[in-house]
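With chain P's structure known, arrange chain X on it following the hints.
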Amino acid sequence: MELTISHISKTYKKGGVKALDDFCAVLTPGVYGFLGPNGAGKSTLMNIITDNLTPDIGEVLFDGKNTRALGKTFRARVGYMPQQQGLYDDFSAVRFLWYMAAVKGIPRKEAKLRIEQLLTLVNLKESAHKKLGTFSGGMKQRILIAQALLNDPDILILDEPTAGLDPKERIRIRNFISEIAQNKIVILATHVVSDVEFIAKEIMLIKKGKLLLLDTPAHIIDNMTGKVFSSLISPDELPNAQKEYRISNIANENDQICVRIVSDTEPEYTQTTPVKPTLEDVYLYYFADTV
Amino acid sequence: MQFGYELYKLATKKMFYLFLAIVLVGNGVLFFTSRQDTFLTDEILPRYREILAEYEGLSTEETIDRLREIEAKLDAYSQILGVSGIPDEAQRQQQLDELQKQFPKEYDDYVKHPERVKALQQDEFVYRRLIQEANYIEGFDESIDNIKAQAEKMQQISIFGQKGTFSYNNIMKTPEDFAPLRSLPLSFGDSTGLTAASTFRITDGLLLLFSFFLCFLLFLQEKESGLFTLLRTAKNGRARLAGAKLLSAVLIVFIVSLICYGAIFLSASYVYGGFGDLSRYVQSMQAFSRCTIPMTVGQYIIVFLLSKAAAMLLITLLFAAVFSLSSSSGQAYVLIGGVVCINFITYLLIPPYSYLNLFKYMNFFELTDTYALYAQYQNINLFTLPVDRVLFSYGFSACLAVLSVAGIFLVFVKGIKLRGAAFLQKASDRIARLLARVRKSSRLFSHELFKLLIGGKAAVLLLAVILLTVYGLRQTELFLYTPEQVYVEYANTLAGALNDQKIQYIQTERASLDAIGEEISALYEKAALGEISSQDAELQATLLRNRVQEKEEPLRVIEQQSAYLQTLKETRGITGAFVNERYTKEFFDRPESGQVTSILYIFLLIFAASYLVSYEYQTGMVRIVTAAKHGKRRLFFTKYAVLFLFAIVLWAVLYSRELIDMVRFFPIGDLNVPIQSMEQFSEIPVSMSIGTYLFCLYGLRLIGGLIVCAFTLSLSVFRIRRAFLILISSAVFLLPMLFEMLGLFSLLSFTANGLFCLNEISALPGGFFTAVAEAVVFALLCGAFGLVARRRFCNE
Numbered sequence: 659m660e661l662t663i664s665h666i667s668k669t670y671k672k673g674g675v676k677a678l679d680d681f682c683a684v685l686t687p688g689v690y691g692f693l694g695p696n697g698a699g700k701s702t703l704m705n706i707i708t709d710n711l712t713p714d715i716g717e718v719l720f721d722g723k724n725t726r727a728l729g730k731t732f733r734a735r736v737g738y739m740p741q742q743q744g745l746y747d748d749f750s751a752v753r754f755l756w757y758m759a760a761v762k763g764i765p766r767k768e769a770k771l772r773i774e775q776l777l778t779l780v781n782l783k784e785s786a787h788k789k790l791g792t793f794s795g796g797m798k799q800r801i802l803i804a805q806a807l808l809n810d811p812d813i814l815i816l817d818e819p820t821a822g823l824d825p826k827e828r829i830r831i832r833n834f835i836s837e838i839a840q841n842k843i844v845i846l847a848t849h850v851v852s853d854v855e856f857i858a859k860e861i862m863l864i865k866k867g868k869l870l871l872l873d874t875p876a877h878i879i880d881n882m883t884g885k886v887f888s889s890l891i892s893p894d895e896l897p898n899a900q901k902e903y904r905i906s907n908i909a910n911e912n913d914q915i916c917v918r919i920v921s922d923t924e925p926e927y928t929q930t931t932p933v934k935p936t937l938e939d940v941y942l943y944y945f946a947d948t949v
Numbered sequence: 043m044q045f046g047y048e049l050y051k052l053a054t055k056k057m058f059y060l061f062l063a064i065v066l067v068g069n070g071v072l073f074f075t076s077r078q079d080t081f082l083t084d085e086i087l088p089r090y091r092e093i094l095a096e097y098e099g100l101s102t103e104e105t106i107d108r109l110r111e112i113e114a115k116l117d118a119y120s121q122i123l124g125v126s127g128i129p130d131e132a133q134r135q136q137q138l139d140e141l142q143k144q145f146p147k148e149y150d151d152y153v154k155h156p157e158r159v160k161a162l163q164q165d166e167f168v169y170r171r172l173i174q175e176a177n178y179i180e181g182f183d184e185s186i187d188n189i190k191a192q193a194e195k196m197q198q199i200s201i202f203g204q205k206g207t208f209s210y211n212n213i214m215k216t217p218e219d220f221a222p223l224r225s226l227p228l229s230f231g232d233s234t235g236l237t238a239a240s241t242f243r244i245t246d247g248l249l250l251l252f253s254f255f256l257c258f259l260l261f262l263q264e265k266e267s268g269l270f271t272l273l274r275t276a277k278n279g280r281a282r283l284a285g286a287k288l289l290s291a292v293l294i295v296f297i298v299s300l301i302c303y304g305a306i307f308l309s310a311s312y313v314y315g316g317f318g319d320l321s322r323y324v325q326s327m328q329a330f331s332r333c334t335i336p337m338t339v340g341q342y343i344i345v346f347l348l349s350k351a352a353a354m355l356l357i358t359l360l361f362a363a364v365f366s367l368s369s370s371s372g373q374a375y376v377l378i379g380g381v382v383c384i385n386f387i388t389y390l391l392i393p394p395y396s397y398l399n400l401f402k403y404m405n406f407f408e409l410t411d412t413y414a415l416y417a418q419y420q421n422i423n424l425f426t427l428p429v430d431r432v433l434f435s436y437g438f439s440a441c442l443a444v445l446s447v448a449g450i451f452l453v454f455v456k457g458i459k460l461r462g463a464a465f466l467q468k469a470s471d472r473i474a475r476l477l478a479r480v481r482k483s484s485r486l487f488s489h490e491l492f493k494l495l496i497g498g499k500a501a502v503l504l505l506a507v508i509l510l511t512v513y514g515l516r517q518t519e520l521f522l523y524t525p526e527q528v529y530v531e532y533a534n535t536l537a538g539a540l541n542d543q544k545i546q547y548i549q550t551e552r553a554s555l556d557a558i559g560e561e562i563s564a565l566y567e568k569a570a571l572g573e574i575s576s577q578d579a580e581l582q583a584t585l586l587r588n589r590v591q592e593k594e595e596p597l598r599v600i601e602q603q604s605a606y607l608q609t610l611k612e613t614r615g616i617t618g619a620f621v622n623e624r625y626t627k628e629f630f631d632r633p634e635s636g637q638v639t640s641i642l643y644i645f646l647l648i649f650a651a652s653y654l655v656s657y658e659y660q661t662g663m664v665r666i667v668t669a670a671k672h673g674k675r676r677l678f679f680t681k682y683a684v685l686f687l688f689a690i691v692l693w694a695v696l697y698s699r700e701l702i703d704m705v706r707f708f709p710i711g712d713l714n715v716p717i718q719s720m721e722q723f724s725e726i727p728v729s730m731s732i733g734t735y736l737f738c739l740y741g742l743r744l745i746g747g748l749i750v751c752a753f754t755l756s757l758s759v760f761r762i763r764r765a766f767l768i769l770i771s772s773a774v775f776l777l778p779m780l781f782e783m784l785g786l787f788s789l790l791s792f793t794a795n796g797l798f799c800l801n802e803i804s805a806l807p808g809g810f811f812t813a814v815a816e817a818v819v820f821a822l823l824c825g826a827f828g829l830v831a832r833r834r835f836c837n838e
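Taken in sequence, the protein lines are chains P and X.
Quick note on the numbering used here: the first sequence kicks off at 659 and runs consecutively.
Quick note on the numbering used here: the second sequence kicks off at 43 and runs consecutively.
Just so you know, the hints here were simulated from the structure itself, not pulled from any lab data.
Worth double-checking, as some hints may not be accurate.
To be verified - Derived pair list, reagent style PhoX-like, types lysine-lysine, alpha-carbon separation capped at 25 Å:
| no. | chain 1 | residue 1 | chain 2 | residue 2 |
| --- | --- | --- | --- | --- |
| 1 | X | K205 | X | K215 |
| 2 | P | K798 | X | K499 |
| 3 | X | K499 | X | K265 |
| 4 | X | K671 | P | K798 |
| 5 | P | K723 | P | K868 |
| 6 | P | K788 | X | K499 |
| 7 | X | K190 | X | K215 |
| 8 | X | K671 | P | K770 |
| 9 | X | K671 | P | K767 |
| 10 | X | K265 | X | K56 |
| 11 | P | K798 | X | K265 |
| 12 | P | K866 | P | K901 |
| 13 | X | K611 | X | K544 |
| 14 | P | K788 | P | K767 |
| 15 | P | K723 | X | K671 |
| 16 | P | K901 | P | K865 |
| 17 | X | K671 | P | K730 |
| 18 | X | K190 | X | K205 |
| 19 | P | K770 | P | K842 |
| 20 | X | K55 | X | K265 |
| 21 | P | K798 | P | K826 |
| 22 | P | K671 | P | K866 |
| 23 | X | K51 | X | K456 |
| 24 | P | K885 | P | K859 |
| 25 | P | K788 | X | K265 |
| 26 | X | K143 | X | K568 |
| 27 | X | K671 | P | K842 |
| 28 | X | K205 | X | K195 |
| 29 | P | K788 | P | K798 |
| 30 | P | K859 | P | K842 |
Bound conformation, chain P alone (with noise of 0.2 Å):
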């Protein structure tokens, strides 16, 4: 199972601005996360490959077939939860699964089935019979997960799907996704990089609608490697290393001030060693501009 982006561009007529440009990946089975800032691109491209937006250039192929060419055979093997997402209010979480059920063309039989699964798997059974308009936000997501997982899909697209929800929540939902990605595309997008750096198989960094880097996460770290130090400071010294380089933690140690540094140079401090780098710090080296 493949799936191919292929020079992927697009440009919004409103305002002229490039949100694709000249994007290129190829999917097989597992969990792909996808890193960028606001604004980056990521949407676009989860819209294009949903069919709901049409690309300028390029296309996306499913082994092979262009999906838009393959319709709603394609749109049946896709799953999709959008961030920020409104619900039916008037709906009761099981009426909301039921209807995403019938929208993609799932049987009865199992449509009862994978419900009566979900609701207990996104911890909603308690709450299946109230309206959607009284859940929290934390519900919301749950049930918007459900519903992306409804028919079983071979393509799952995620956007945020652990924002909102504790840290005990997030944890099974990460697992969740790590279980059935061996057989499964998951394009997971999200700005918590704890969801990603653990069970994807790659990562996708994107920028202004440009792919910067597709690669495992292990290979992105180590390629970091020099570029991340710890140094302490004075207090004093603080405002002008914050104008100068990239600080992605600040600590109070004592009367000093430890920062976490990250830069293609050694930052010129005396008391600074290399530290071994994280994916925060890799996002922060490559959008920190855009931060």
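Frame of chain P; chain X shown alone:
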């Protein structure tokens, strides 16, 4: 300041304006279109107003004197006419002689000035009504004395004479309550306008709905959105907030109530020619004979308006209290629904004098029946003590108001919730679970239907329309003047296809009517020869002249119909039939009624259609659903199908009223006869039966409805905000209809009006085909638009 913000919150809600517009406009429109009088039809009303105007400025005594004269005349005419039924000539003569002595002037009129008799007899119905009022005024004091006498009599009966019982106490109290009315200076005046305004209850229903919606916005919406907790933590977020909300609700409901009820009074005044002398006591009118509060008409109007507004305020406070105490709309609906049901049952089932009548009068339906409150004397059984209903209602309302306000403040200040809220929540959940059982469907259609009915509130609209239709059904027979009755007899005799026999019959009737002149001459000759007395001759001559006058107009109409049908046959080869034009006009020639229904139909469809796709964009769900297997074409067409189904059901409900009324009260007869039998439809080029025409009439309306749905739904795909969507669709379909109805200018061509106004457009040359062509053109255009919309929705 906070009060201002609460008003501002409402001002930002488009639904608030929509509701307000529906209440204000619907109130007036429904008064004019749902008015049903057995007596004061549109034909009689102008003459009724003229006659009433003749007595303006006269004193009661003068008015009554004049009416007595007229009554005497009418009675005399009636007796004189009755003589013709005596078979024996000698007896007839004898009777005539006596009547001539008894009523010389009237006899003279009858014989020599039959036109005066005719004029008076035509207005007999109006005069009899006014004479009734005059009789009532003259007998008023006596009626008060009778109450006392009746009470004394009833005390002798054992079941009423038992001291300490409610019956006994009530009997003792009643004469005392009426006693102050004795010798009240009464003035003549008709009560029709006043009672019509006082008994129009549709406004109550509209304002109830408005109040419900207003309280939902002010007191529950913030709870559901989670803002309530935030507001309560602020410094002024408790008592002050409660006060601001209450004040907003009270002010708006008070003003809107006064406007609505005031508008009804103004409308009634316009329709019925005013309310007469406002300084006269209401007890001057028979409709208020049981009112024990001596107040003038002007005072009554003010008291009525204020009482209605107060009743609405009380209901608003109750709704506000329920919404404040409830933590979800489900709880509130269960509670309010339960209260309304209980109210309705007690209102309906408990007899007025039952020992349980306390519960009958402690409910919404009684509190809003302000006319009955003042005009119908009633004592409430309060533990065997008879308490005046007005006093009881005021007291009960005051207590309820205080409790409601206290409840609201307790909620806001102390955060108190409804006791038994858990029970209500369980009930609400149980109902939800029950309904959920039927929702396990994998059919897209059922879910989209649910979305429209529940999310889009189409179910509520449908329910309201059903209630409106049932309420609007005609309850009384069609009122026919004497000439109309004669015409109907002719029409029934001649019903069916025109043939030689019917032509012959008409000619015979004409001949016999024309021959009456000779008959009258013959009578005079006989009188001259002494074969009959001159009085007998005069009487019979007058009777004959009366017959001419009665039959002339109807026969002329029949002759016109016959001539038209003959021309129809000769020029177009269509064998028309005699139809009852009085009935057919009632059905086919009332454009305002059909247009009001069509306007309502169009508006409701636009409202429903604007929801189904807009909501997907509003919530962002469109991204998810269109990414699913059936989320493009199938979903798109399913939405159309759901909307079309709604359009069909709504069409059936809304337009059924006129058909039911027609079948019950003015059946148009054989539906197989050609529609061209009615001259109104002479321009229809194709020969078709009335049945086929009706099929076209309702079929085009349905097609029009489907076109409205298709257009609005297609437009909504272009991500236009719902409010603008409604505006655009209204501009295309609703506004031209409004212009048509208001007579501003006719847009029967170039707009979709022809689809809803077939009766009017068919009267124009080429009108019928224009309507059909409009249907085709609009259908094609909407179809093309739909294709474009589909491509956009499906991202093709």
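Checked hints:
no., hint, result
1, X:K205 to X:K215, "holds, 13 Å"
2, P:K798 to X:K499, "holds, 23 Å"
3, X:K499 to X:K265, "holds, 21 Å"
4, X:K671 to P:K798, "holds, 22 Å"
5, P:K723 to P:K868, "holds, 24 Å"
6, P:K788 to X:K499, "holds, 19 Å"
7, X:K190 to X:K215, "holds, 10 Å"
8, X:K671 to P:K770, "holds, 18 Å"
9, X:K671 to P:K767, "holds, 18 Å"
10, X:K265 to X:K56, "holds, 20 Å"
11, P:K798 to X:K265, "holds, 18 Å"
12, P:K866 to P:K901, "holds, 23 Å"
13, X:K611 to X:K544, "holds, 15 Å"
14, P:K788 to P:K767, "holds, 23 Å"
15, P:K723 to X:K671, "holds, 17 Å"
16, P:K901 to P:K865, "holds, 22 Å"
17, X:K671 to P:K730, "holds, 5 Å"
18, X:K190 to X:K205, "holds, 18 Å"
19, P:K770 to P:K842, "holds, 23 Å"
20, X:K55 to X:K265, "holds, 17 Å"
21, P:K798 to P:K826, "holds, 16 Å"
22, P:K671 to P:K866, "holds, 16 Å"
23, X:K51 to X:K456, "holds, 24 Å"
24, P:K885 to P:K859, "holds, 23 Å"
25, P:K788 to X:K265, "holds, 16 Å"
26, X:K143 to X:K568, "holds, 24 Å"
27, X:K671 to P:K842, "holds, 18 Å"
28, X:K205 to X:K195, "holds, 15 Å"
29, P:K788 to P:K798, "holds, 12 Å"
30, P:K859 to P:K842, "holds, 12 Å"
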